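Engineer: Spelled out from the first residue to the last, the chains are:
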Amino acid sequence: MSALLARLVASRLFWPIVMLLVLFTINLIAFPGFFAVTLRDGHLFGSLIDILRNGAPTLIIAVGMTLVIATRGIDLSVGAVAAISGAVACSIILGSPEPASPATVAVAVTVALIISLVLGMWNGFLVAVLGIQPIIATLILMTAGRGVAMLITEGQIITVNSPPFKALGSGFWFGIPIAVIIAAVVFGIAALVTRRTALGMFIESVGINPEASRQAGVRARGLLFVVYTFSALCAAIAGLILTANTAAADANNTGLFIELDAILAVVIGGTSLAGGRYSLVGTLVGALVIQTLVTTVYTVGIPPIATMVFKAAVVTIVCLLQSPTTNEALGDFRRRLAMRAGTGVAAS
Amino acid sequence: MTKLLDAPERPLRTGDPNGTAPRAGLARRIRNLLTSPKYGPVTVTAVLFVVIFIAGGLRYRGFFSGQVFLNLLVDNSYLIVLAVGMTFVILTGGIDLSVGAVVALSGMIAASLLQTGWSPAAVIPLILVLTSILGLLVGLMIHVFKVQPFIATLAAMFLARGLCYVISQSSISITDPTFVQLAVARIPLGGNLSITPSVIIAVVVVAIAVWVLHATRFGRTVYAIGGGEQSGLLMGLPVARTKVLVYVISGFCSGMAGVLFTFYTLSGYPLTAIGTELDAIAAVVIGGTLLTGGYGFVLGSVLGVLVLGVIQTIITFEGTLSSWWTKIFIGALLLVFIILQKVLTSRRR
Numbered sequence: 001m002s003a004l005l006a007r008l009v010a011s012r013l014f015w016p017i018v019m020l021l022v023l024f025t026i027n028l029i030a031f032p033g034f035f036a037v038t039l040r041d042g043h044l045f046g047s048l049i050d051i052l053r054n055g056a057p058t059l060i061i062a063v064g065m066t067l068v069i070a071t072r073g074i075d076l077s078v079g080a081v082a083a084i085s086g087a088v089a090c091s092i093i094l095g096s097p098e099p100a101s102p103a104t105v106a107v108a109v110t111v112a113l114i115i116s117l118v119l120g121m122w123n124g125f126l127v128a129v130l131g132i133q134p135i136i137a138t139l140i141l142m143t144a145g146r147g148v149a150m151l152i153t154e155g156q157i158i159t160v161n162s163p164p165f166k167a168l169g170s171g172f173w174f175g176i177p178i179a180v181i182i183a184a185v186v187f188g189i190a191a192l193v194t195r196r197t198a199l200g201m202f203i204e205s206v207g208i209n210p211e212a213s214r215q216a217g218v219r220a221r222g223l224l225f226v227v228y229t230f231s232a233l234c235a236a237i238a239g240l241i242l243t244a245n246t247a248a249a250d251a252n253n254t255g256l257f258i259e260l261d262a263i264l265a266v267v268i269g270g271t272s273l274a275g276g277r278y279s280l281v282g283t284l285v286g287a288l289v290i291q292t293l294v295t296t297v298y299t300v301g302i303p304p305i306a307t308m309v310f311k312a313a314v315v316t317i318v319c320l321l322q323s324p325t326t327n328e329a330l331g332d333f334r335r336r337l338a339m340r341a342g343t344g345v346a347a348s
Numbered sequence: 001m002t003k004l005l006d007a008p009e010r011p012l013r014t015g016d017p018n019g020t021a022p023r024a025g026l027a028r029r030i031r032n033l034l035t036s037p038k039y040g041p042v043t044v045t046a047v048l049f050v051v052i053f054i055a056g057g058l059r060y061r062g063f064f065s066g067q068v069f070l071n072l073l074v075d076n077s078y079l080i081v082l083a084v085g086m087t088f089v090i091l092t093g094g095i096d097l098s099v100g101a102v103v104a105l106s107g108m109i110a111a112s113l114l115q116t117g118w119s120p121a122a123v124i125p126l127i128l129v130l131t132s133i134l135g136l137l138v139g140l141m142i143h144v145f146k147v148q149p150f151i152a153t154l155a156a157m158f159l160a161r162g163l164c165y166v167i168s169q170s171s172i173s174i175t176d177p178t179f180v181q182l183a184v185a186r187i188p189l190g191g192n193l194s195i196t197p198s199v200i201i202a203v204v205v206v207a208i209a210v211w212v213l214h215a216t217r218f219g220r221t222v223y224a225i226g227g228g229e230q231s232g233l234l235m236g237l238p239v240a241r242t243k244v245l246v247y248v249i250s251g252f253c254s255g256m257a258g259v260l261f262t263f264y265t266l267s268g269y270p271l272t273a274i275g276t277e278l279d280a281i282a283a284v285v286i287g288g289t290l291l292t293g294g295y296g297f298v299l300g301s302v303l304g305v306l307v308l309g310v311i312q313t314i315i316t317f318e319g320t321l322s323s324w325w326t327k328i329f330i331g332a333l334l335l336v337f338i339i340l341q342k343v344l345t346s347r348r349r
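Each protein sequence line maps, in turn, to chains A and B.
According to full-length UniProt numbering, the stretch in the first sequence is residues 1 to 348, in order.
According to full-length UniProt numbering, the stretch in the second sequence is residues 1 to 349, in order.
Calculated directly from the structure, the hints in this document are not laboratory data.
Note that the structure is predicted; figures quoted are calculated from it, not measured.
Glycine residues also receive a C-beta, built at the ideal position from the N, C-alpha and C atoms.
Treat the hints with care, as some may be off.
[Unchecked claim] Just a few of them, taken from the derived set where beta-carbon distance is under 8 Å, the chain A residues facing chain B:
#1 Thr110
#2 Val111
#3 Ile114
#4 Leu117
#5 Ile132
#6 Met142
#7 Cys319
[To be verified] Residues on chain B that point at chain A, a partial pick, calculated with CB under 10 Å:
#8 Arg31
#9 Thr35
#10 Thr43
#11 Ala46
#12 Val47
#13 Leu193
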């Protein structure tokens with residue numbers, strides 16, 4: 001029994017799941033109908049559905065971020081890429097003669113995704129070919145990217161009236177929010193490709209030691225390229241959902257601070273920022289923790305604006321728990337406990 | 001034995017391939033200057049500043065005046081102070097992403113306390129103490145708990161930005177007479193030239209920073225940590241204390257910059273100064289400080305701020321009011337300088 005418990009506690013998913021359960025409990029106390037999911041007009045409704053739907057963009061970006069972080073990198077440009085993708089899609093829809101036709105939306109979405117691929121390759125080029133530190137390489141697009149997004153929208157908030165586009169953010173398909181379906185597909189593809197092929201192992205090996213893995217025959221540069229491109233693609237998808245949700249592209253505010261949420265989700269999920277080992281399921285739990293935290297702040301009646309303070313507290317606690325210093329101290333403590341237990345057994 | 005005694009008499013520098021010997025020609029000396037990781041980027045920045053300034057002078061009437069130059073200082077005094085703090089952090093190989101949020105927080109604290117009737121003489125020191133404590137906490141998190149600087153300062157950024165919203169969700173204007181006085185005051189410099197009190201404060205901060213970095217043991221330890229933390233430890237330098245103090249300095253500078261920014265805008269607004277950390281980092285990098293630490297000058301960062309400022313001025317003179325071009329230019333410039341640094345340091349190794 002205690003061995004099982006010890007294995008559970010040692011699991012990397014233990015603390016994130018505990019955190020999630022604590023948040024659920026707080027919500028349930030504050031709002032007894034928290035777990036109720038109802039079917040209305042063939043659409044699922046309820047707090048849990050809301051959490052999934054609102055958390056979808058963060059989760060999508062966090063999936064890309066997980067792979068980037070696994071290679072010991074970081075992608076700060078995701079918020080800016082999300083803004084660019086939203087701006088591109090909205091300006092194409094606005095400029096077309098038939099904004100409400102699905103064909104227009106398809107073109108807009110495709111162009112936005114292709115542009116994001118180019119942006120991701122740009123990040124990959126800076127990191128993999130020029131060898132610039134990832135924080136700085138992506139910082140460039142983070143700064144300049146919002147400028148580019150504003151250039152596309154000409155500094156204005158573009159509002160579009162296109163039901164098919166709006167459906168991306170707030171529509172339902174078989175009762176499930178489309179945003180959630182998209183997130184599930186992105187997550188599924190990432191999990192399948194990295195866990196059912198050797199790709200995931202290569203990514204981890206690059207994260208542990210790029211030089212050694214290159215000498216072992218892993219094409220580290222190409223891999224970095226792919227990972228940053230995938231991250232930008234995820235950011236673009238999230239950007240489309242975010243803009244579709246409000247049916248407006250706001251170059252300044254679309255995806256503002258979302259890079260931080262995504263990094264936070266990855267870190268809560270137990271993926272170390274030092275690279276090497278990653279957990280996509282952990283990231284999923286992390287993204288849920290963040291979105292549930294936001295919801296909790298609402299339900300408990302704290303001004304929603306204070307959410308950032310709570311997020312800061314969570315990042316700090318998680319980082320401190322992950323830190324080598326804490327681990328050493330805990331290890332010491334456990335050894336001492338074990339020793340005391342051992343001597344106790346010997347004495348009796 | 002005799003060999004040992006002879007050794008110092010041998011001219012040590014004859015074989016030096018970098019040819020710093022005095023007989024090197026002017027062209028060669030210029031080339032050496034430009035290809036040195038220490039002076040190269042900062043020289044390029046200085047040349048760039050002069051070129052942009054002259055280009056602006058040729059293109060626009062009234063650009064080529066002393067006041068346009070002084071306005072660069074007036075408009076960017078807060079950024080200069082921020083860049084000073086950031087220089088210390090980057091010199092040790094760290095980074096501080098919280099500075100923009102701390103600027104906003106300082107403004108919010110100032111505006112809200114002044115509104116309730118506090119005296120500026122109490123508010124300003126209080127802000128500086130609070131932001132220094134925040135810096136101290138960040139520094140401890142980085143050093144004691146080995147959290148990456150980037151993630152620790154990210155947490156601080158969240159915290160500061162969140163506290164801004166907790167204080168107020170809308171803009172608070174400042175009507176305190178002392179602050180208004182400091183905002184509108186002009187110090188004549190003869191002719192038609194004038195500066196603001198903020199410029200004086202920024203210049204004093206820069207002067208102190210130059211003195212600390214180049215004339216104190218603390219300053220030498222900062223450079224040593226950037227050069228290699230392990231070697232610093234082995235040399236018996238107070239690495240722990242210095243690393244933590246660097247973030248305290250950055251926190252203090254952010255608070256000071258926040259106060260100067262408040263003089264400039266005369267209000268506190270929770271969404272203000274978003275992205276300012278990037279301006280500060282860009283200024284430091286363009287000013288020639290190596291992101292991996294170890295090389296760089298505070299005066300270089302000031303030069304970096306001036307380059308950003310002159311680009312901003314040119315865009316203002318252009319009159320299209322498209323502020324997004326500033327961001328794109330800063331990004332492009334940052335890229336160019338990072339690649340430049342990369343080339344310079346890889347050639348030396």
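Engineer: Holds or violated: is the Cβ of B/Thr43 closer than 10 Å to a Cβ in chain A?
Structural biologist: violated, 21 Å
Engineer: Report holds or violated for the interface hint on B/Arg31, using the least CB-CB distance to chain A and a cut-off of 10 Å.
Structural biologist: Violated. Min distance 23 Å.
Engineer: Could you check if A/Leu117 really has its C-beta closer than 8 Å to a C-beta on chain B?
Structural biologist: With Cβ-Cβ at 19 Å, over 8 Å, it is violated.
Engineer: May I ask you to test the interface hint for A/Met142 with respect to chain B, counting a Cβ-Cβ separation under 8 Å as satisfied?
Structural biologist: Check passed: Cβ of A/Met142 comes within 7 Å of chain B, closer than 8 Å.
Engineer: Closer than 8 Å between Cβ atoms is the bar; does A/Thr110 clear it against chain B? Give me holds or violated.
Structural biologist: violated, 25 Å
Engineer: Is the shortest C-beta separation between A/Val111 and chain B less than 8 Å?
Structural biologist: Violated: closest Cβ of chain B sits about 20 Å from A/Val111, beyond 8 Å.
Engineer: Could you check if A/Ile114 really has its C-beta closer than 8 Å to a C-beta on chain B?
Structural biologist: Because about 21 Å separates A/Ile114 from the closest Cβ in chain B, which is outside the 8 Å limit, the hint is violated.
Engineer: Does the closest beta carbon of chain A sit nearer than 10 Å to the beta carbon of B/Leu193?
Structural biologist: violated, 33 Å
Engineer: Would you settle whether the hint for B/Thr35 is holds or violated, based on the nearest Cβ-Cβ distance to chain A being less than 10 Å?
Structural biologist: violated, 18 Å
Engineer: Once the shortest beta carbon distance from B/Ala46 to chain A is found, is it less than 10 Å?
Structural biologist: This interface hint is violated because 22 Å lies over the 10 Å limit.
Engineer: Can the hint on B/Val47 be confirmed by a CB-to-CB distance to chain A that is less than 10 Å?
Structural biologist: violated, 22 Å
Engineer: Does the CB of A/Cys319 sit less than 8 Å away from some CB of chain B?
Structural biologist: It holds, given that the least Cβ distance between A/Cys319 and chain B is near 5 Å, below 8 Å.
In this structure, the earlier hints numbered 1, 2, 3, 4, 8, 9, 10, 11, 12 and 13 are contradicted, and the remaining ones agree with it.
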